[in-house]
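A.B. asks: This is what each chain is made of:
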Amino acid sequence: MKAAKAEEPSMLLIEGGRVVDPQSGLDEPLDILIIDDKIARLGCGLRDAMGLSPEGRPVPGVRIVDAKGKIVAPGLVDIHVHLRDPGQEYKEDIESGTRAACAGGFTSVACMPNTDPPIDNGGLVRYVKERARDFGYSNVYVIGCITKGRKGEALAEIGEMVREGVAAISDDGSSVRSAEVLRCAMLYARQFGIPVICHCEDADLSGKGVMNMGKTATLLGLRGIPAESEEVVVFRDIMLSRMTGCHLHVAHVSTKGSVNIIRKAKEEGLKVTAEVTPHHLCFTEDLVKDLDYHTATKVNPPLRTAEDVEALREGLKDGTIDCIASDHAPHAREEKEVEYDYAPFGICGLETAFGLIWTNLVQRGVLSVSQAIALMSQRPAHVLGLGKGSLREGGDADIVVIDPDLEWTVKSSEFHSKGKNTFLDGYRMKGKVVLTVVEGSIRHAEPGFLPFLPW
Amino acid sequence: MAFKHKHLLGLYDLDREEIETALEVTASMKEVLGRDVKKVPTLRGKTVCTLFYEASTRTRSSFELAAKYLSADTVSIATTTSSIQKGESLKDTARTLEAMGVDIIVMRHPVSGSCHFLSQIVNAGVINAGDGMHEHPTQGLLDLYTILERKGRIEGLKVALIGDIYHSRVARSLIWGLGKLGASVYLGGPLTLLPPGIEEFVSGFSSDLKEVLEGADVIYMLRIQRERLESGFFPSLREYSRLWGLTVERAKLAAPDAVIMHPGPMNRGVEIMPDVAESPAAAIEQQVTNGVAVRMAVLYLTATRGEGV
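Chains A and B supply the protein sequences, listed in that same order.
The number in this note's numbering is simply the position in the first sequence, starting from 1, with 99 added.
The number in this note's numbering is simply the position in the second sequence, starting from 1, with 20 added.
Among the clues, some could well be false.
Heads up, simulated DSS-like pairs for lysine-lysine below, C-alpha to C-alpha not over 27 angstroms straight-line [claimed, not checked]:
(1) 388(A) with 307(A)
(2) 26(B) with 59(B)
(3) 200(B) with 307(A)
(4) 388(A) with 111(B)
(5) 388(A) with 529(A)
(6) 50(B) with 388(A)
(7) 106(B) with 59(B)
(8) 171(B) with 272(B)
(9) 50(B) with 66(B)
(10) 307(A) with 59(B)
(11) 307(A) with 519(A)
(12) 88(B) with 50(B)
(13) 363(A) with 416(A)
(14) 24(B) with 106(B)
(15) 111(B) with 510(A)
(16) 88(B) with 58(B)
(17) 50(B) with 230(B)
(18) 529(A) with 519(A)
(19) 365(A) with 416(A)
(20) 370(A) with 250(A)
(21) 50(B) with 314(A)
(22) 230(B) with 200(B)
(23) 388(A) with 24(B)
(24) 370(A) with 355(A)
(25) 247(A) with 365(A)
(26) 388(A) with 88(B)
(27) 519(A) with 111(B)
Calculated directly from the structure, the hints in this document are not laboratory data.
Source: prediction; values computed, not measured.
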């Protein structure tokens, strides 16, 4: 359980780091002073200004973090995670999932409602929020169902859920099969100003598919999920967004065709946003073969081709895709240690998302430092209107310290998540979040990064 | 001798030399089968387990006979009579077998890649007796051996492979094997039954049988399963038979000395007409006979990895 808040006002000074805040365009060495849960000051030489210079007298309750050589950024925001609570706590729960989030640098997560029972009413939204308040390490935003029981038939009590504070609605895991039901849902959601997040997949075209349709699937004898299964529904849902004026957010875009369709929609000025996962940005379908049917490679949407990866990266750079989201999907070990067809879809992403992006996209010059940070903090927060993802005086003190050069190796056995399902065991990463501060309190520190500076 | 694998999971992973080795060893095993006493002590003291998650007549019995002719002890587990019925996972079943000292597990399973999975969780050797739509390597080898017996060579032959390629592990193993040995493979059948991306691995494909059959040295017909009809891959068995069934007239499009093959069991009157199946050109029973010799060769090669030959 998270540490209880101190009675005295607590002060935390993050000193000497390269402060990168995409929202304000800030990118310079600065100190950040946090008092309680807010950013009190951003500036140079705050230690002197506060009379805390080494010669000065210690002030009780002030801790100083040495961030020299590090990057200080807004806390990361992941708007697509599965916390599995209620009902599937053996896979993950709010405590373990948000602990994993903080270890990965995420100070805010939005959780999907495909739980058991599905989060489709105000009472369940309140349950998750209360659990998060009592046991959560990070901020938790709740996404409610579009339809009752996620069945794609009758609308869920969207208004009730909005009263309890849902950030968006989604039947993630599958598409709303009926265009008419989705049309109504979008029109209904528009009244409350919340986005509808769509998992775009034609259930018939996907059939019993378990990986991307094409040469590799044929080689492995696995049933394929065609790119078109996603694209036809992306197109349909964009048409419905145009028809209703509702903000559509496309979850986990995975194909070149989808990127092109979304790009056109944005050119038309439609209220459409989109996200992409780190695994779809960094890996291709070849992994299923290279890892000999390792079930951690079974994700939905499936890993696609090199051409798709290229288009997704282009889409990120030109703004077609708004943000990165992990689609953290933890499963129990025994569920994944089975034959490929029988394994559930999903990979744990919270604790590897930042590393994958930093290692593969920032270190290799695909994204700038500021772009990568924006795509993982300010931009996703903006998609859901969370008011997070920036560093400003008076704002929430959700902050991460990044060591851009720290080399590390993924070990799923050390994940804080209950889920160990990843194909990244042994993968060499460069760049890691070493300190995670959520509303002023330290929720994760890499071993060796702290203790605090003596003064 | 060139065969370095402890497991036989698929022909895709073997190189030409290894396939040729397996075919050579098959020839010596066939000689053993011709003797009065069909038994050699090669695998004495080894235990072979057949673990079948799908029904099978010929594959299972030929593996069991092959193991017995090599003096191995055999145990066979069927899904209907075991704790698999009680929901035991493959991992637990495999560990149980291994704890009992099984040296080689021959597995058939409806899910592609299951034999890879099995090979990752046990120390025993694993032989794939058909996994989902992936591979059926011993069928592929016995097909290659039969072609070799009939035609004297494989390099340069034109092989027409017709029918449900999409769902067929037999087709995949044969395509990889024939490709490695230098034959040209042409696929025929409805486009709905051609797997996406297969074009890259074959010399050609057409839904017009005339193009595929013309001048073929080998005609290989695949079994059509009724459940494919229900899934809407083609409208009726009648239409399938009319468009893609092998009739005497169609068979005449092939080379005069063409050999006709089928992995069995046949749907007579659907993918192959009875008079074709029983013509002298047909090698269908020969395929079955060779199945035992091929499986002896594979058991021997994987157990010894070619040592001591």
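A.B. asks: All hints, please: hold or fail.
C.D. replies: Here's how the hints hold up against the structure:
1. 388(A) with 307(A): 19 angstroms, holds
2. 26(B) with 59(B): With Cα atoms ~23 angstroms apart, residue 26(B) and residue 59(B) stay inside 27 angstroms; holds.
3. 200(B) with 307(A): Violated. Residue 200(B) to residue 307(A) sits at ~31 angstroms, over the 27 angstroms cutoff.
4. 388(A) with 111(B): 21 angstroms, holds
5. 388(A) with 529(A): 26 angstroms, holds
6. 50(B) with 388(A): 35 angstroms, violated
7. 106(B) with 59(B): 37 angstroms, violated
8. 171(B) with 272(B): It holds: about 18 angstroms lies between the C-alpha atoms, which stays within 27 angstroms.
9. 50(B) with 66(B): Distance ~21 angstroms between residue 50(B) and residue 66(B) Cα, so the pair holds.
10. 307(A) with 59(B): Roughly 45 angstroms separates the two Cα atoms, so the pair is violated.
11. 307(A) with 519(A): Distance ~25 angstroms between residue 307(A) and residue 519(A) Cα, so the pair holds.
12. 88(B) with 50(B): 14 angstroms, holds
13. 363(A) with 416(A): 15 angstroms, holds
14. 24(B) with 106(B): 37 angstroms, violated
15. 111(B) with 510(A): Since the Cα atoms of residue 111(B) and residue 510(A) sit roughly 23 angstroms apart, the hinted pair holds (cutoff 27 angstroms).
16. 88(B) with 58(B): 9 angstroms, holds
17. 50(B) with 230(B): Distance ~36 angstroms between residue 50(B) and residue 230(B) Cα, so the pair is violated.
18. 529(A) with 519(A): Holds: residue 529(A) and residue 519(A) sit about 21 angstroms apart, inside 27 angstroms.
19. 365(A) with 416(A): Status holds; Cα separation ~14 angstroms.
20. 370(A) with 250(A): 26 angstroms, holds
21. 50(B) with 314(A): Distance of about 37 angstroms is beyond 27 angstroms: violated.
22. 230(B) with 200(B): 26 angstroms, holds
23. 388(A) with 24(B): Holds: residue 388(A) and residue 24(B) sit about 21 angstroms apart, inside 27 angstroms.
24. 370(A) with 355(A): 20 angstroms, holds
25. 247(A) with 365(A): Given that 27 angstroms is the threshold and the Cα spacing comes to 30 angstroms, the pair is violated.
26. 388(A) with 88(B): Distance ~35 angstroms between residue 388(A) and residue 88(B) Cα, so the pair is violated.
27. 519(A) with 111(B): 18 angstroms, holds
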